[in-house]
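Protein chains in written order, with the numbering used here: chain H, 1 to 116; chain W, 1001 to 1117.
Take these hints with a grain of salt, some might be off.
DSS-like mimics (lysine-lysine), calculated; alpha carbons at most 30 angstroms apart, straight line [claimed, not checked]:
1. H:K3 / H:K38
2. H:K70 / W:K1015
3. H:K38 / H:K16
4. W:K1015 / W:K1054
5. W:K1078 / W:K1015
6. W:K1044 / H:K16
7. H:K38 / W:K1054
8. W:K1078 / H:K70
9. W:K1054 / W:K1044
10. W:K1051 / H:K16
11. H:K38 / H:K70
12. W:K1054 / W:K1078
13. W:K1044 / H:K38
14. W:K1041 / W:K1015
15. H:K70 / H:K3
16. W:K1051 / H:K70
17. W:K1041 / W:K1078
18. H:K38 / W:K1078
19. W:K1041 / W:K1054
20. W:K1051 / H:K3
21. H:K70 / W:K1054
22. W:K1015 / W:K1044
23. W:K1078 / W:K1044
24. W:K1015 / H:K16
25. W:K1078 / H:K16
26. W:K1078 / W:K1051
Since the hints were derived computationally from the structure, they do not count as laboratory data.
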Amino acid sequence: AQKVTQAQTEISVVEKEDVTLDCVYETRDTTYYLFWYKQPPSGELVFLIRRNSFDEQNEISGRYSWNFQKSTSSFNFTITASQVVDSAVYFCALSESWNTGNQFYFGTGTSLTVIP
Amino acid sequence: EAGVTQFPSHSVIEKGQTVTLRCDPISGHDNLYWYRRVMGKEIKFLLHFVKESKQDESGMPNNRFLAERTGGTYSTLKVQPAELEDSGVYFCASSRELLGAANTEAFFGQGTRLTVV
Chain H
1 AQKVTQAQTE ISVVEKEDVT LDCVYETRDT TYYLFWYKQP PSGELVFLIR RNSFDEQNEI
61 SGRYSWNFQK STSSFNFTIT ASQVVDSAVY FCALSESWNT GNQFYFGTGT SLTVIP
Chain W
1001 EAGVTQFPSH SVIEKGQTVT LRCDPISGHD NLYWYRRVMG KEIKFLLHFV KESKQDESGM
1061 PNNRFLAERT GGTYSTLKVQ PAELEDSGVY FCASSRELLG AANTEAFFGQ GTRLTVV
């Protein structure tokens, strides 16, 4: 079963629109970590945020904000006033504390295109 | 500080050939990970090194894949013989601490796009 689900495969928005990327996760662990990574056209995965399971505070960083809700097992990512440079593939990931391998479980990614 | 570097960036090989991918982690990062993304699917874990030791290789698909990290520095991932289904993007990542440690961040390379024809 998929541990991280990103239901939106592709999203297109016009510049300056707000866009929310959905992420739903599944885990039996009580301590876990959630991440968002951005993959621009250059290919590398760029870290955006890490959130611990015991910290449900939402976070804002510039035009980026994250909404973590344990009740719905979701960790959604919103870009406000999108820009062309935001065009990329965005991955949500989960890491579980019991997992001695310390691996990420990634979603399938959401490809965001911001149209000028 | 240099990031995680992967070589080559692209590789096209014929079925049955051998390919070796290389990853240079960030200096001082004991933890090194290999991941793979098959077209359109999620990025999947292959294995995790702590220094030169394989901590977890549960994600390695089969014995055609061999990963090494001699001396605990760079790592190589060899596919021999390559099959069509091995095509995908292979990512390497490194971290100073384990992912569960406070404020730990894993840094990824740009990936190696492998195409087996």
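Structure-inconsistent hints, enumerated in ascending order: Hints 2, 6, 8, 10, 16, 21, 24 and 25 not satisfied by this model.
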